[in-house]
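**Q** Build the complex from these two chains, which are given one at a time in their own frames, with help from the hints.
If you read the protein sequences in the order shown, they are chains A and B. Under the numbering used here, the first residue of the first sequence is numbered 1, with each subsequent residue one higher. Under the numbering used here, the first residue of the second sequence is numbered 344, with each subsequent residue one higher.
The hints are simulated quantities; they were obtained by calculation from the structure and are not laboratory data. The C-beta atom is built at its ideal place from N, Cα and C for all residues, glycine as well.
Here are some chain A residues the structure puts well away from chain B; computed CB gaps all over 12 Å: (1) 7; (2) 19; (3) 25; (4) 159; (5) 162; (6) 164; (7) 246; (8) 252; (9) 330.
These stretches of chain B come out as covered by chain A in the derived footprint (C-beta under 8 Å, 3 or more residues): (10) 499 to 506; (11) 610 to 618.
The following residues of chain B were derived to be distant from chain A, with all beta-carbon distances above 12 Å: (12) 457; (13) 686; (14) 707; (15) 708; (16) 744; (17) 746; (18) 864.
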Amino acid sequence: MLQYIIKRLFQGIPLLIILSLALFLLMMNLGDPIATMGGRTLTRPEDRERLMRQLGLDKPIAVQYLYWLIGNTWTKIDSDGDGIPDKNGTRLGILRGDFGTSLVTRKPVTEMIGERIPNTLILMVASEIVTIVFALVLGIYSALRQYSTLDNILTALLFIGYSMPVFFISLMSMYIFAVLFKKWGWPYLPTVGMFDPQVGKTSAQVLWHMVLPVISLSVIYFAAYSRYIRSTMLEVLSQDYIRTAKSKGLPRRQVVYVHALKNAALPIVTVIGLDLPFLLGGAVVTERIFAWPGMGRLFLDHLSRADISVVMGILMLVATAVVIFQIITDIIYAWLDPRIRYN
Amino acid sequence: MKRNLNILLSLVVLAGMILTACGGAAATQAPSSNATEEPSTSATEAPAPTEAPAENKVATFIWTQEFTTLSPLYASGWFTTTTQQFWNCWAWLYDETNTPFPSLVTEIPSLENGGISEDGLTITMHLRDDIKWSDNEPITSEDFRFTWAMTVDPKNTVNSTYPYDKVSAIETPDPQTVVMKFDAPFAAWLILWKGIAPAHILQPVYDADGTLDNADWNNNPTVGCGSYNFAEWESGSFARFVRNDNFYDEPAKINEIFIRFVPDDTSQTNALVAGDADLGLFVPYSETPKLKEAGVTIMTEPSGYNESWFFQVSEEFSHPAMLDVNVRKAIAMSIDFASFDRDVNLDVVKVPGSFWDSLPFYNDPAVQPYPYDPEAAKALLDAAGWIDSNGDGTRDKDGVEFVIQHGTTTREVRQELQAVAQQQLAEVGIKLEILNYDPDIFFGSYSDGAPVYTGELDIQEWSDAPAFPDPDIYYWLCSEIPSAENPSGSNSFYICDEELDALLQLQATQLDPAQRQETISKINQIFHDKVYWIGAWQDPDVWAVGSRLSGVKFSGVSPFFNITEWDIK
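Isolated chain B (complex conformation) (with noise of 0.2 Å):
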């Protein structure tokens, strides 16, 4: 007995042992080539250090959330997206005013320069002629005409096909020539070629195997054209990116970029706490504080996102109150949004007056949110007929009380609003419902009955973007209002306003920019007129950068535009 309890105990730590230099001993090597074998410096002062090589420069970057893969062609998410700025590479990047400037092209297609025709139906983009893969391959327009076929291919299981599938045809004339032809004038052309795919990579796939939903570039993307090379994803843990020295722009000062993927915020306010990390975004703003004091800085860049309400209008659906533009004012002017930013979102963002409140160039002139003035909207609310005439504290009109329902995600931030909300409109004598629902459950179809197609919400919340940098938007067009016979439509608000409508469609085809903004401008004061939207806060990108880290810039759309220029002090 003693001899078989002793052979299942050592077969239990042998295990044990296994397991441990199975998953541990050197999978990965020290980050770069010039590391050492054996553990050297740790940030935790943990293993005896050695030698660190002063050159290593490995900068840590936290990532609250895994990117699910690497391809530009299967890429949608945030993190996901800006992930490939490192290895991958765009058209044209944008700065931290979020003003595009060229990268692969030799300049920005433009009607001045030629690039645009008359007619908004032919862009024509000249490529660098020293770009290049980091396997040494030439960029060409193949690899354009590649990325654009692979991306609308039905074959392809991508998230998207937006924006690509407003292109009708792509001409590559010549290898340093990319013509794009449109069935009609599209005005939201500069999100385009955010990301690039290899032809001579993958096409060769796409011939064995009749779709690329099973390349192993999706994950495994060896050829890239960043200034960084991808090395190592271990799902889960982390992943590694070291820097291209064939890079055909200036090489990067930082040898490596470790991105560490960490559950929730918790872990990620922790890590930068501790020195585990260089750079974390997203940062709760109730946790900036804690971050500032040990050394952080916290640095906010707009990202076109708001968090926003939006009203639903609709005779069908809507409490009848909801229909009375006076009623909504009131609504807007009911709530003390500044407060509640200034005490719950510690004051890093504002109130947000438009739809378009980072983009400075449409939002012109610039709206302004209606001010907390809840005798004003008492008085709005009076002039409506909307009385508390059986003296219950809520109003009402015709025997019909006002009472409305307000629905959004389980975010806690967002609850913490309805609360706030639900009282202040009590206090006016309007009694909000409010609801809350898993965001796969709330941003559900309309075939399944997802809480924002059922006409059941008033008003709705999340933040939302135009298509950031540009300002389109279609939500709010009639002929995307969901039904039995469309049950693709985007308008949960079912609102069908007529002299709006015209204009979204106006503004999408309009591609000089001076007739676009003044469009956008009527659009803005429709919105602020007529109370179809009213936001929050603004939602920028919220980075915490180390200590450590320089030379560090955002941009709104294009994050990691001036990575090069990064260094570790």
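Only chain A is shown next, with the shape it has when bound in the complex (with noise of 0.2 Å):
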């Protein structure tokens, strides 16, 4: 297995190599990051000129994907704008764990992002739970009593759960939970943040915030998992070692959560392995709306400011998540299923 683990992990390098190359080539054509520097005043051309020899964005793409990766330190750089290389860079590069600086904050990006995984692991995760929980509740349900009437209305909310967009669904939840709600006098959920500044960021009002924006992140995903559960829960019911567990005289519920679920689980583990790194990534609609400061929202507000270290990094950091999860997806695999095995 750890030789399985080790050969994956070698494998996924070259990858993200040749992913960040492709990224660093898109990035490029994000636009001018001083375009915007100044807000509503223009960046005066000089001080661009200036600006664009300090930071380094006059090179040539290959040079700015060298630096990116593997640093500055080994050549001179224009630290005064001047237009005259004068000292040795400081960057290490990104295979050094420098992930740089960012152009709009001047902070670096390890330092961005460190800031923002939190807040966005606490929404994700928690938006997870809630729907796996849901998900494997109603998924069993309507898995038992197939076709019975209430199987049809939750087949219905569900599929109108799963066509909704997500910036509709929170808009709309915004506007019932908080605006109506206040206005009717009943008590209201908060629209936007983390916490109330007149009681400050204990966890009882991150909960509360929390609500809304969990609720319109897990009524999507909840409605395709569930829809995933019931039909991989009514192909297992329908095995012949369910039949003899039945036949047995086993309890049903033994019946149900021992031999059927665990069988049924494998396929979902898999789903759920897929979707975890991109809990790192943040929920881009969702954290805007609900002005959660989460990855999603840094990832977009320095997208359209064409700030490539940032930017960079977010997407870096996913794909190197996607492929660690990958692999310990498989072995949680081996691990639930003896029979699988990576030798």
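**A** Shown next, in the form of structure tokens:
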């Protein structure tokens, strides 16, 4: 197994480098990061020329990529923007753990990502848990009561939920549970942020502020997950070994939750395993609407400003997570199903 | 198997709990020292209220764009420079009429009080002797010299060296005297000193690192000089500023300013309507009825900006029709900007007649916008020889069809105006091709081939201002025309008008306001008569003030000039 993991990790390295090159080339077409630096005031042309040199944006794409990848400590850079390289660079490059510095905030990218990841994980893990729990309950119920009235109603509702775009659910829930509830004098949910400044950032506040974004995120995913669980459960429940278990007189609870669910869980683990790395990337739309300070917003904010260092940092983080989580999923698969061997 | 699944599920739940605790548990305590540890009063009635200290006043402001730094040296962009007014200080502030008044100085230098030398090359400021940083260190002339030196030092990657690069030297004969030296008279000197940096904090950092680029103070200014002290900034989420009890002027009435960063106008509006915020800004005009209905007051303050149509007039690049001033007049008279502002901008703003519309002193005599008169426009076009000779609905002359291009950013309201203009110009026989670009592409550089520099856009649109509150402009200088030899030129209209050029250069050096007013008036009239520029709508700062706030006034230059007088009802 260890040999398998090492082999997969080594396979991932060239994959990530090729991916980084492709992404970097795409990033170069994002626009001019200096153009919007002054906000409403246009950046003065002479400042633009100086900044281009100081930030290394005047270099050819290949050189910029090289600096991003392996750093620029080995070569002289134009630190004062006068057109003459004057001292060695200080960037170490992503291969040495230096994701670079944001062109917008001048902060290290690792620091910026580090500030946002916990917020994103709080939201996304909570959504994932809510999704899985509700999907299991509804999926199993629908499978056991196939074509019952409630199953049909649930199926209809889930399809409605699944077909609604997340921005619509988010804005609608915000309007109903915050704006209208307040108008009607009912207890209402907060619209934006992670806590109420009058109270402070307490666990209770964060949980309270998570309600709407978690619901918005979960509705879509749990609609899809529950349909998936329903179909896998239906497939497993028709297997011979389930019939055997029933004929042996095992209690229904044991048949469903031990014999059926554990086998139905295997493909679900794969789906969850593939979804987990994207939790790091955050929910771009939901975070934006509810002003949740996560990775999705960081990505969008800096994408719109063509802040290549930050955008590349986030993309590479997610790409790396995809590679690692695929390996972890394979390992868990083998752990759950003894028939699977990777050697 | 069951055991394994249970362990897996437990780990997931545990991880969720730990993350919630890490991110949420008391990382930020209740806003001020006298707030309770546990959740007390919630605006959303959620976690059970206990007892809220009556004197703890927290005002929540909504910023739709997060500031990028807190350093006055590295600041650029409205949200960044404006936020500094809470915790940093300016040499002089501006009131609600945008009139300057002294803040750190005893009086504003002028020719009359001897602060400005006769030749205009020396300006002397006298500082108050009671001004101090939040750590009780006095603010001295050395702080001013240090701020200037660091801004123009090429070792610091500041966004803009302007206007400090106009100062050639600063002398500090004593701690309360700042003497600015200029190589040439610099009429716009009042735009200097919007924020200063503490030399006693940053000089050691510069000495050690050789640059201030990585100074912790840039994003964590523990020492300031405003009516509030910086307390905390969580990127993407919020920033807190607490009252500076050491402030050298009257202390603020509100204990804390809590700035919440939201991503867009919709979130801002919802937060204001739901009562989750006390102040918002740059509110879309379309949202104002909804906000007013919710008890939010809308206040507009001229900021110098006007949504502008810039005409490109170039023998080399422009459509031949655009070289005729009467044709440009016809275009101005073909578009009903007033109706657009009434119907789309809901009458919140008016059509500006002048680039200096929000500077009444310089817009004197006030220039009026061209009236909407399509019949007169048609007559002008006919007289200019642009007629529809081939019956295709578009005018032509000497075999050239009157098809021009209009380019702007992807902002929705601009696209709406483009559509209206296209239709109204078609009615007089002009075909308008409309183009839209992302701002970072549209405002790119000449070297990158940005659309405004390609010469392909006969009309360019964006919102712009003079060096407000100073009337200075430089785009139209002949020397600013970009080329391969001069790639940093900013004259994307390729207009070189010798009379205009001379006047623009003259006003930039006139330190006598009366003389300068006369020059700007001439420029103003040239802009109007030669139709180099027309305004679509005034673009003031639009503030949304929640019903809890009182004593609120705004300036278009230093918006929070009277923040210490603000209170919560």
